[in-house]
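Novice: If you're matching them up, the sequences are chains X and P in order. For the first sequence, numbering that gives the first Met the number 0 gives the first residue as 0, with consecutive numbering after it. For the second sequence, numbering that gives the first Met the number 0 gives the first residue as 0, with consecutive numbering after it.
Do not rely on the hints blindly, as some may be mistaken.
What the hints assert, rightly or not - Derived DSSO-like pairs: lysine-lysine, alpha-carbon spacing no greater than 30 angstroms straight-line:
hint : chain 1 : residue 1 : chain 2 : residue 2
1    : X       : 216       : P       : 3
2    : P       : 215       : X       : 245
3    : P       : 215       : X       : 32
4    : X       : 20        : P       : 274
5    : X       : 145       : X       : 103
6    : P       : 284       : X       : 244
7    : X       : 244       : X       : 228
8    : X       : 228       : P       : 284
Unchecked claim - The following residues of chain X were derived to be distant from chain P, with all beta-carbon distances above 12 angstroms:
hint : residue
9    : 14
10   : 55
11   : 64
12   : 70
13   : 77
14   : 82
15   : 87
16   : 135
17   : 138
18   : 185
19   : 189
20   : 190
21   : 198
22   : 206
23   : 207
24   : 216
As the list claims (entries may be wrong) - In silico contact screen, one side only, chain X against chain P (beta carbon under 7 angstroms); selected entries:
hint : residue
25   : 109
26   : 123
27   : 129
28   : 134
29   : 141
30   : 161
31   : 163
32   : 167
33   : 168
34   : 170
35   : 208
36   : 210
37   : 220
38   : 232
What the hints contain is simulated information worked out from the structure, not anything from laboratory work. Cβ coordinates follow ideal geometry from the N, Cα and C atoms, glycine included.
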Amino acid sequence: MKRILVGIKRVVDANVRIRVKPDGSGIVTDGVKMAINPFDEIALEEALRIKERGAAEEIVVATVGPADCQQQLRTALAMGADRALHVQAEGVIEPLTVARALLKLIEREQPFLVILGKQAIDDDNGQTGQVLAALWNRPQATYASKLELSGEVARVTREVDAGLETIEVDLPAVITTDLRLNEPRYVKLPDIMKAKKKPLDTLTFAALAVEPRQQLKLVRFEPPPQRQKGVRVKDAAELVDALRKKGLL
Amino acid sequence: MSVKILIVAEHDGGKLNASTAKCVTCARSLAGAEITVAVLAAEVAPVAAQAAQLTGVNRVLTVENAANLHPLAAVLAPQVVALAGPFDLLLGPSTTFGKDLIARVAGLLDAPQVSDIMAIESATRFRRPVYAGNAILTVESSAAGKIVGTVRSASFEAAASGDASAPIETATVKVTLPTHTRFISVSAAKSDRPDLQTAARVVSGGRALGSADGFKILYSLAGRMGAAVGASRAAVDAGYAPNEMQVGQTGKIIAPELYVAVGISGAIQHLTGIKDARTIVAINKDAEAPIFEVADLGLVGDLFQIIPEIERLIG
Ligand SMILES: Cc1cc2nc3c(=O)[nH]c(=O)nc-3n(C[C@H](O)[C@H](O)[C@H](O)COP(=O)(O)OP(=O)(O)OC[C@H]3O[C@@H](n4cnc5c(N)ncnc54)[C@H](O)[C@@H]3O)c2cc1C
Ligand SMILES: Nc1ncnc2c1ncn2[C@@H]1O[C@H](COP(=O)(O)O)[C@@H](O)[C@H]1O
Numbered sequence: 000m001k002r003i004l005v006g007i008k009r010v011v012d013a014n015v016r017i018r019v020k021p022d023g024s025g026i027v028t029d030g031v032k033m034a035i036n037p038f039d040e041i042a043l044e045e046a047l048r049i050k051e052r053g054a055a056e057e058i059v060v061a062t063v064g065p066a067d068c069q070q071q072l073r074t075a076l077a078m079g080a081d082r083a084l085h086v087q088a089e090g091v092i093e094p095l096t097v098a099r100a101l102l103k104l105i106e107r108e109q110p111f112l113v114i115l116g117k118q119a120i121d122d123d124n125g126q127t128g129q130v131l132a133a134l135w136n137r138p139q140a141t142y143a144s145k146l147e148l149s150g151e152v153a154r155v156t157r158e159v160d161a162g163l164e165t166i167e168v169d170l171p172a173v174i175t176t177d178l179r180l181n182e183p184r185y186v187k188l189p190d191i192m193k194a195k196k197k198p199l200d201t202l203t204f205a206a207l208a209v210e211p212r213q214q215l216k217l218v219r220f221e222p223p224p225q226r227q228k229g230v231r232v233k234d235a236a237e238l239v240d241a242l243r244k245k246g247l248l
Numbered sequence: 000m001s002v003k004i005l006i007v008a009e010h011d012g013g014k015l016n017a018s019t020a021k022c023v024t025c026a027r028s029l030a031g032a033e034i035t036v037a038v039l040a041a042e043v044a045p046v047a048a049q050a051a052q053l054t055g056v057n058r059v060l061t062v063e064n065a066a067n068l069h070p071l072a073a074v075l076a077p078q079v080v081a082l083a084g085p086f087d088l089l090l091g092p093s094t095t096f097g098k099d100l101i102a103r104v105a106g107l108l109d110a111p112q113v114s115d116i117m118a119i120e121s122a123t124r125f126r127r128p129v130y131a132g133n134a135i136l137t138v139e140s141s142a143a144g145k146i147v148g149t150v151r152s153a154s155f156e157a158a159a160s161g162d163a164s165a166p167i168e169t170a171t172v173k174v175t176l177p178t179h180t181r182f183i184s185v186s187a188a189k190s191d192r193p194d195l196q197t198a199a200r201v202v203s204g205g206r207a208l209g210s211a212d213g214f215k216i217l218y219s220l221a222g223r224m225g226a227a228v229g230a231s232r233a234a235v236d237a238g239y240a241p242n243e244m245q246v247g248q249t250g251k252i253i254a255p256e257l258y259v260a261v262g263i264s265g266a267i268q269h270l271t272g273i274k275d276a277r278t279i280v281a282i283n284k285d286a287e288a289p290i291f292e293v294a295d296l297g298l299v300g301d302l303f304q305i306i307p308e309i310e311r312l313i314g
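One chain only, chain P, in its complex shape:
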């Protein structure tokens, strides 16, 4: 039996976000999945071309509209609904883009939503974390119609890109788009460091860094390691690091090869964000800090001595 799946692509106008390729892997884990990726953009061609190359994608559907220049959920949702007709399952990434949009789509479709899918067991059965990842819940839908979901990126590898070329089709969507929601601006700090959500290595700092200046030793070490930099909520709240660096239940959920927690106590809400990291290193002056319970390698000591020393040793 085939299951028709529509994945709403996330992109920045030119580049497809890696979370989309993870949605494809999630969808492919279902036998009989027939995968369509929807690209809604002001200019669809570059993004559609990247989506078409993902292994497992059967078709790319594009909706080009100047109103899609910035991803406003209220503007995109009715267009996604207009495409939804033939599909059984509608997926988007569990990023701020996907969470904002997909739930609005669920409302418009009057369909149940499964948030943060970490495994698909059948077309109607899913596993997802609840209570900040302290429990894993299996849900089974009894809905007669469609199911809507967001995909937990940290649970899936990105689908390979390059050797596929799915057909790209233009969809005509005739809906009046609302004008009640208007984009003003976005302030994204430009940095040469790898992206936190996809980096293989991440160095994160907590309240112990003491100031935005204190974080500089982490930027320096991360630069040497080719790592992204993350932060605990306490560090972000205190203004030591910008909000997009927050890792955890209410920040980013990541799964790097290496996660180095520096001066982070290991509160449950923080651990939720790093559980899927391959190797966790903890550096903390308190030998009893809960972060050591989950760390593969732990070092007790003063970070202001240890971090520069590590950097020197790496050379």
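If we strip away everything but chain X, and leave its shape as in the complex, we get:
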């Protein structure tokens, strides 16, 4: 079966104002809205479009995390994924551990394409896709803004600092998404009902023979230094004057 595996991470919603806990042990998450990492929504949307074009038969979504993550898997199923895999894990889960678990899922599911987000908007690590591709010994095409499949290869346009780069990779491969790859669809109410009946399997690290490892201790979270609020100028002339005085023009 032609299958695509999509990584889904549960994160604090992009619109939430982040507050650091006073004791520095983390950020405030009580009662905070959670969502699918925006880049993973884009990854899933791309997979769904590939299936709708007839170039894939099954879309499997996977997450590594605590029980709450199943909410995001259900949302992914409502968006149109066929099956979900939940690898149970508590605490800090580093990219190397996530990648190891995803590699085990790849061995089971034999996808021809794996699509992840370019970064999770909580840890902002931006590592998992590349680490997975390295462990799997397969190509990576990161920061994708366009993806074309033909036979055994994928042609990917990447958003790089210089502009747009196009590369070709043999399949199977790992793709990571950038914001302009597509615009994810909205979930419709009837689909949420249907998603409840779709399969969601729960797995453990032990069952996958993955040894979770935390090598980076999170010592302390601090709020960033605040910028001082400045002054208002009344018109362009005053602005130009002020900039000249600072030696900026």
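Given the structure of chain X, go ahead and fit chain P with the ligands onto it with the hints provided.
Specialist: This is chain P with the ligands only, laid out in the frame that chain X set:
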């Protein structure tokens, strides 16, 4: 105690990217740092010569291979791993080049990675932004082996160039390089304007510019000021500006002397990209726009009147 650091140079085949000199400054902030810069290229000589001149660099290691003509992470990573043996810490810039490559190296080495290093406190302790810069996290590695990291360019000045001359050594790297990843093309808009990532002055436009045509008033002003031009995500998504101009959490993180935000509301993801700017100017018709919370100088009004007027006043 000495800490052996390998920095993977970013370059365009002829010129060393300024982000490499920032990695050197980051590495030098660690007492006892012994700094080697690795240059992987199709033709190493010009880039190696520039790397050797950076203050603080002890040695330059070169790997010349026709396969290194274009920077493909899958091709470069095994070569970096082949060099990695003696080093404690492997660094690359937090650019699309560095982020793509360094994480693949981390995977191959089975080493933990610290992304976007903004300060090195010890050989195992680092500070980095998380949650779009809304929190600063200190991490401490307990890894027995190497640590891999990317360096947040906006947090460091470039190391000086000119008065140093580190020895340049050729490394022999015997690894089979994959052929599963092939470069096709790159479309980089040619412009005479300064580079966004290193410019001292940046003028950025948002959704309010309304069209690619609307951006012309910014190009014109920027030309007069010797500034680079940036854009918000909304402006890039709408096709008013190309993707390489995006500033923010998922675009470029910059630290110019002067940043002028024109018709940009100041969403948190945008502010992440400009927090380290020395002076921020905001021009927005909405007096309540969040951009004014971080602006040193704010001007409320219609940008289509204000921008041409500023240009006229600068003369
Ligand atoms: C995961 C994620 C990542 C993101 N990454 C980035 C990123 O890297 N960079 C980024 O910029 N955004 C990013 N965003 C998007 C961000 O949240 C905002 O949507 C975006 O920055 C808004 O762009 P804007 O300020 O141009 O548009 P708007 O928010 O629409 O603001 C337009 C502003 O123009 C003003 N205006 C209108 N007309 C005039 C006029 N004639 N004269 C003067 N002022 C006028 C308005 O008052 C308004 O404040 C990201 C979002 C997500 C979810
Ligand atoms: N715990 C996780 N479960 C599933 N996918 C993940 C997880 N963590 C990261 N990913 C995937 O890897 C991408 C990059 O994450 P990161 O390397 O943490 O920035 C995310 O966008 C996801 O697609």
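Novice: Against each hint, give a clear statement of whether it holds in the structure.
Specialist: Quick rundown of the hints versus the structure:
1. X:216 <-> P:3: Holds, because 22 angstroms separates the two Cα atoms, which is no more than 30 angstroms.
2. P:215 <-> X:245: Roughly 27 angstroms between the alpha carbons, so the hint for residue 215 of chain P and residue 245 of chain X holds.
3. P:215 <-> X:32: 40 angstroms, violated
4. X:20 <-> P:274: Since the Cα atoms of residue 20 of chain X and residue 274 of chain P sit roughly 22 angstroms apart, the hinted pair holds (cutoff 30 angstroms).
5. X:145 <-> X:103: 28 angstroms, holds
6. P:284 <-> X:244: 25 angstroms, holds
7. X:244 <-> X:228: 19 angstroms, holds
8. X:228 <-> P:284: 18 angstroms, holds
9. 14: 9 angstroms, violated
10. 55: For residue 55 of chain X, whose nearest Cβ neighbour in chain P is about 20 angstroms away, the distance exceeds 12 angstroms, so it holds.
11. 64: Holds: least Cβ distance 17 angstroms, greater than 12 angstroms.
12. 70: 20 angstroms, holds
13. 77: 25 angstroms, holds
14. 82: 26 angstroms, holds
15. 87: 22 angstroms, holds
16. 135: Since the minimum Cβ distance to chain P is about 9 angstroms, residue 135 of chain X lies within 12 angstroms and the statement is violated.
17. 138: 4 angstroms, violated
18. 185: 17 angstroms, holds
19. 189: Correct as stated: the minimum Cβ-Cβ distance to chain P is 30 angstroms, above 12 angstroms.
20. 190: 26 angstroms, holds
21. 198: Holds, since 30 angstroms exceeds 12 angstroms.
22. 206: At roughly 22 angstroms from the nearest Cβ of chain P, residue 206 of chain X sits farther out than 12 angstroms, so the non-interface label holds.
23. 207: 17 angstroms, holds
24. 216: The claim breaks: residue 216 of chain X does not keep its Cβ more than 12 angstroms from every Cβ of chain P (closest is about 5 angstroms).
25. 109: 17 angstroms, violated
26. 123: 5 angstroms, holds
27. 129: 4 angstroms, holds
28. 134: 5 angstroms, holds
29. 141: 5 angstroms, holds
30. 161: 4 angstroms, holds
31. 163: 5 angstroms, holds
32. 167: 5 angstroms, holds
33. 168: Residue 168 of chain X check passes; min Cβ-Cβ to chain P is 5 angstroms, inside 7 angstroms.
34. 170: 9 angstroms, violated
35. 208: 16 angstroms, violated
36. 210: 12 angstroms, violated
37. 220: For residue 220 of chain X, the interface hint holds, since the closest Cβ of chain P sits about 5 angstroms away, which is under 7 angstroms.
38. 232: 5 angstroms, holds
In this structure, the earlier hints numbered 3, 9, 16, 17, 24, 25, 34, 35, 36 are contradicted, and the remaining ones agree with it.
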